[in-house]
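Peer 1: One-letter residues, chain by chain:
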Amino acid sequence: MSNSGRQLEIGLTDNTSDQRTPRNRLRLIPEIVRESFAPCIPQRGLSRQNEWDLTRIAADLPRAEGVAIEVSGKLQNERGTPISNAMLEIWNANHFGRYRHIEDHSDIPLDEHFLGTGRVFTDIEGNYTFWTISPGAYLARPDIGRWRPKHIHLSVSGGGSRLITQMYFPDEPNNASDPMAILMGDDFERNVGKPYETPKIDVDSGLRFDIIVGGRNAVYFE
Amino acid sequence: MKPNTQSDLLKPTNEDTVGPYFPINFSDPLLEDLSRFESGITAQPQGDPIILKGRLIDRFGELANGTLVEFWQANAKGVYRSPKHEGNSDIDPWFWGYGRLRTESGEFEFKTIMPGPCAGRAPNITITLFSDGISRIVTQIFFADQAGNASDPLLQSLSHEDRAKLSARHEGESDCGSKIYTIDIVMAGENEIPFFDDLIREGE
Ligand SMILES: [Fe+2]
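From first to last, the protein sequence lines are chains A and B.
Numbering follows our numbering, with no gaps: position 160 of the first sequence is 160.
Counting from 1 along the second sequence, just add 222 to a position and that's the residue number in our numbering.
Okay, chain A solo, but in the shape it has when bound (with noise of 0.2 Å):
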């Protein structure tokens, strides 16, 4: 029984995350109100033709370096019911580690062949596909030698669904001392992708990501 909503932890050598995180318990939402909470996401935003491969800033252009992935997976609700036609927005830094971002100043290498931002829409079943980069870790707190896992950030929205989170690379060594992966404690192991072979397409490697989208948020399609 709970009486009162879920304190948020802070992350461990997360600045930002002392600085933003809010102090005070979250309140619970009166019953009566709770609907009001919900969003329905409109569908709009088209992609641009390719935009699922973002190994490529478009298709008559040379592919950028590293190893080409792909990504796939599919997008329920907690009860197992697949939600089509959400908008799944990636973003990844490329190979070396750093993103076109404007606001990333860091002196790691651009690729002169890689964006690293895309959109894909879940088809009817629910199942999206899209190509990138394996991403580079980088060193995010330089001062105590701390570094961001390999990732790729996925922002997921659509009628009653709405969910950003980052899929993580198995085994990787940096995985055990990130800040929001230990907050995750035992349930990381679902926000990391599970390999596969992909002998007859033109990418290296796969990784399943199936995305669930949990608690109330995707209560107008249950």
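Keep in mind that the hints are not guaranteed to be accurate.
[As the list claims (entries may be wrong)] Below 25 Å or equal to it, Euclidean Cα-Cα: the simulated BS3-like pairs (lysine-lysine) are:
id, chain 1, residue 1, chain 2, residue 2
1, B, 299, B, 333
2, B, 401, B, 299
3, B, 275, B, 401
4, B, 233, A, 194
5, B, 333, B, 233
6, A, 74, B, 233
[Said to hold, decoys possible] Rough simulated footprint, nothing fancy, chain B against chain A, three-plus residues with beta-carbon under 8 Å:
id, stretch
7, 11 to 20
8, 35 to 42
9, 87 to 101
10, 163 to 177
11, 183 to 194
Bear in mind the hints are in silico, worked out from the structure with no lab data behind them.
The beta-carbon is built from N, C-alpha and C at its ideal position, and this holds for glycine as well.
Following the hints, put chain B with the ligand in place on chain A, whose structure we already have.
Peer 2: The following block gives chain B with the ligand in isolation, referenced to the frame of chain A:
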């Protein structure tokens, strides 16, 4: 077979921080101004256009730069564009009620229309924040000069002091005559505003 008991539910993917680099190229100007439909169309949402000016503030009083802010609200007649209200004649075809922007500095300006009161509620906008260092947090903000605040069930669940923190103040008009409302959203520490848990229900 669909699982149907609590324990059969699939375990959710963990929410994670959006990090500092949410791609700016995913921005959509139409999601930052809900007071119009699309460019070049003779159509306008019903209601009074307003501008909500906010500042996102961290524990040390600094602006929380690079934050992704999302908005969700009812239309001028107090009806949400959700599947529950499908077919409702008070749905405004030119208004969805969902907006999103990424603020570079931590200050934002969001154009929309004043939401109507819906079923015992005072006019409000649900605000979701995604930023570096945290996962998703949500709250609802109200308007100090609108009716119904005193009897709103969400506001009533809070202390007097906390209620005031969720109240946007009317501060002047824009050149086009839109009312301007301002609010400081303090994310942590002294003057922290209330955030709500939409994953846990009372008694669970
Ligand atoms: Fe990242």
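Peer 1: All the hints need checking, so say for each whether the structure fits it.
Peer 2: Verification of the hints:
{"no.": "1", "hint": "B:299 / B:333", "verdict": "18 Å, holds"}
{"no.": "2", "hint": "B:401 / B:299", "verdict": "18 Å, holds"}
{"no.": "3", "hint": "B:275 / B:401", "verdict": "11 Å, holds"}
{"no.": "4", "hint": "B:233 / A:194", "verdict": "16 Å, holds"}
{"no.": "5", "hint": "B:333 / B:233", "verdict": "37 Å, violated"}
{"no.": "6", "hint": "A:74 / B:233", "verdict": "14 Å, holds"}
{"no.": "7", "hint": "11 to 20", "verdict": "holds (count 8)"}
{"no.": "8", "hint": "35 to 42", "verdict": "holds (count 8)"}
{"no.": "9", "hint": "87 to 101", "verdict": "holds (count 4)"}
{"no.": "10", "hint": "163 to 177", "verdict": "holds (count 4)"}
{"no.": "11", "hint": "183 to 194", "verdict": "holds (count 5)"}
Hint compliance for this structure: hint 5 is the single one not met.
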